[in-house]
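Order-wise, the sequence lines are chains A and B.
Quick note: the first sequence uses my numbering, first residue 242, plus one each step.
Quick note: the second sequence uses my numbering, first residue -5, plus one each step.
To be clear, the hints were calculated from the coordinates, so they are not data collected in a lab.
Some hints could be false.
What the hints assert, rightly or not - DSBU-like, lysine-lysine: derived pairs with alpha carbons at most 35 angstroms apart: (1) A:Lys330 - A:Lys315; (2) B:Lys218 - A:Lys306; (3) B:Lys218 - A:Lys375.
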Amino acid sequence: MPIVELQNIRKVYDTKVAVEGLSLTIEPGTMFGLLGPNGSGKTSSIRMMIGMTVPDSGSVQLFNKPFARTLLDKVGYLPEERGLYKKMKVLDQLIFLGQLHGLGESTARSRSLAWCERMEITEAIGKKTEELSKGMQQKIQFIAALLHEPDLIIMDEPFSGLDPVNATLLMDTLVALRAEGKAILFSTHRMDQVEKLCDAIALISRGHLLLSGSMREIKSQYPRNRLQVVFTGDDSFLSHPGIVEAKNYSGIAEIKLHTEADAQLVLANAISRGTVINRFEVIEPTLEEIFIENVRASFGDAEAGGRVDA
Amino acid sequence: MRNIWLIAKREYTERVHTKGFIIATVLIPTLMGGGIFGMETLTSHSKSASHIAIVASQMQPAADLKQDLEAGKDTKMMVDVVAPAPGVTATLDKQIDSKTLDGYLVIHQSSPSQQATFDFTPRSSADAATSNAIKDSLHNVLDREYLAQHGATASEIETFMQPVTVNIIGKGGRPGNSKASFLVAYVLFFLMYMVVLMYGMNVARSIIEEKTSRVFEVLLATIKPEELLAGKILGVGAVGLTQVAIWMVAAALFAARAGAMSGISVSPVQAIFFIIYFGLGYTLYSSVAAALGAMTNSEQELQQLNMFLMMPLFFCMLMLVPVINAPNSMLSRIVSQIPFCGPLLMNLRISISMPQPWEIGLSIALILVTMLAILWVSSRIYRVGILMYGKKPNLPEIMRWLKYS
Chain A
242 MPIVELQNIR KVYDTKVAVE GLSLTIEPGT MFGLLGPNGS GKTSSIRMMI GMTVPDSGSV
302 QLFNKPFART LLDKVGYLPE ERGLYKKMKV LDQLIFLGQL HGLGESTARS RSLAWCERME
362 ITEAIGKKTE ELSKGMQQKI QFIAALLHEP DLIIMDEPFS GLDPVNATLL MDTLVALRAE
422 GKAILFSTHR MDQVEKLCDA IALISRGHLL LSGSMREIKS QYPRNRLQVV FTGDDSFLSH
482 PGIVEAKNYS GIAEIKLHTE ADAQLVLANA ISRGTVINRF EVIEPTLEEI FIENVRASFG
542 DAEAGGRVDA
Chain B
-5 MRNIWLIAKR EYTERVHTKG FIIATVLIPT LMGGGIFGME TLTSHSKSAS HIAIVASQMQ
55 PAADLKQDLE AGKDTKMMVD VVAPAPGVTA TLDKQIDSKT LDGYLVIHQS SPSQQATFDF
115 TPRSSADAAT SNAIKDSLHN VLDREYLAQH GATASEIETF MQPVTVNIIG KGGRPGNSKA
175 SFLVAYVLFF LMYMVVLMYG MNVARSIIEE KTSRVFEVLL ATIKPEELLA GKILGVGAVG
235 LTQVAIWMVA AALFAARAGA MSGISVSPVQ AIFFIIYFGL GYTLYSSVAA ALGAMTNSEQ
295 ELQQLNMFLM MPLFFCMLML VPVINAPNSM LSRIVSQIPF CGPLLMNLRI SISMPQPWEI
355 GLSIALILVT MLAILWVSSR IYRVGILMYG KKPNLPEIMR WLKYS
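Build the full structure now, drawing on both the sequences and the hints.
Rendered as structure tokens:
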């Protein structure tokens, strides 16, 4: 049973097409990365998922049912920019947001306290939001999105503005939630986080879907035809016929192959020539490379330079 | 309903706990009361104390006039009597220029039996108080003189010149005080004006605050924009009512202790209508304010648009005096039916002299209809506008927003 199912949704603002023919599916227990350059329609898509705006055409299904506002009690949303009342005390704020999600006051209070402890911000409870650091505010926002134990967690740029320690804390929390079977959708520009966390991704640019599917599937569509070899001794193995191009930076060679299968042949060849191999690595295309390549193609190479924000 | 209640409750508790609320609650009645009583004391105790000269050929009226002006009921002037001579006006003009004289009066009268004419040259032509005092004194002096010439005795003149007093008696023979009831009407009018404007603007500000802090994004992920708007208007309005209630209770306590002598009292009917019209007026104006808030991105931008809120209120101000002077004139009847003026002007009429019941009913109905229409438009502008950041929308864009489903 998919948690989110978008079918061919389209949204036009006045003259600008924000989203065009977008379809995607998110399964329970997955971490889904929504990627795209700035202004590509990520936020517009998310807003349609939670009914903040209505698509002009196409359908939105949550928890296998057509969209209805009552379903939002099972959705947690962390917007891109911190949205908290500046003058309100942290605990009051969390209780208020929890109540809006349908919790009773006492439940909201006890869960808020437990989460504050888990997020290591107990000392902030009695303070006003404006007195807190950006990172703390982000954590409070994060807690607010999770208080009502949603089955679908949508996070727009959850790690921006956090130091590595806190970013890891949040990531670990998200991983733990995934293990509980929750579906998590997040959008980000940080490809390393996506590679580490996501099971599936969708890449959109200018409102169109460029790529989607599980991380494995997507990566496997791109050839693993590059090698990095650290060696000592004879470098004659670099003239192997399977090698298209090789650069030797005195003992570190970057190699491009004709096919993936040539990798093992090159290694065997080097060993047979008596070269000492210190490290041998088949380089996967990074998500960042895939991202840039696809986005460039969508814009047309000429204008890609300034607009791609990876 | 639960969401509306939650939003309203948050809005209310947060606002009531701010320092601003406490300060406004204390300061506004202090300033207003102080202002009104201050004005009252100043105007009742200030006597015209100008220094003038009288140029007269006949001494008799000039001497009487001098006495009346120097020791009269409302005046305490310094008066020099000068005999006419060539060049005397030039000397007096010089004294006016050197600011030692506030004006001079020339009495043209060749013989005692002849009708006199009077020319007054004030230092500032805007000094109406002095010329009015002179006019009143002249009237007084000339009347006395005429009576004396026709053989009236001094005591007869005194009785004749006695001012007439009309006692204002309320219905059922209760002693009334028309000055006090005007005062109450004024106070209620300005209170309404201030509270409607202040809390209407508060709604707009609160929307902008949520917009700039992006709290909206979180709230709209769970509740509908209409619920948010309704909760906000209710919450802020409840704060306004609380404030008014505090003032009214304080005023009642004050009246119970010290008010007996001043004769100022707000009747329950006045209080009830005040609350009804406050509710209507506040909702009407705050729904306009909500639309303004949703269209703009910052307080500065709001400042540019708040004339839409101010203009009808300003119009009511202009109508204040005509309505107070003739609460049942055709003009008063018409302007108090304009929905944007009704809350202020109909309430004013109610506190001066009760209008026909159908007039009250009609004004409430008109306000309600307008209010619903504006709420409908506002909620649409609000729904789209709060998600728009960046540039301020122009009119065609706003018209398009109304069509979005």
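Run through the hints listed earlier and report the numbers of any the structure violates, in increasing order. Structure breaks no hint.
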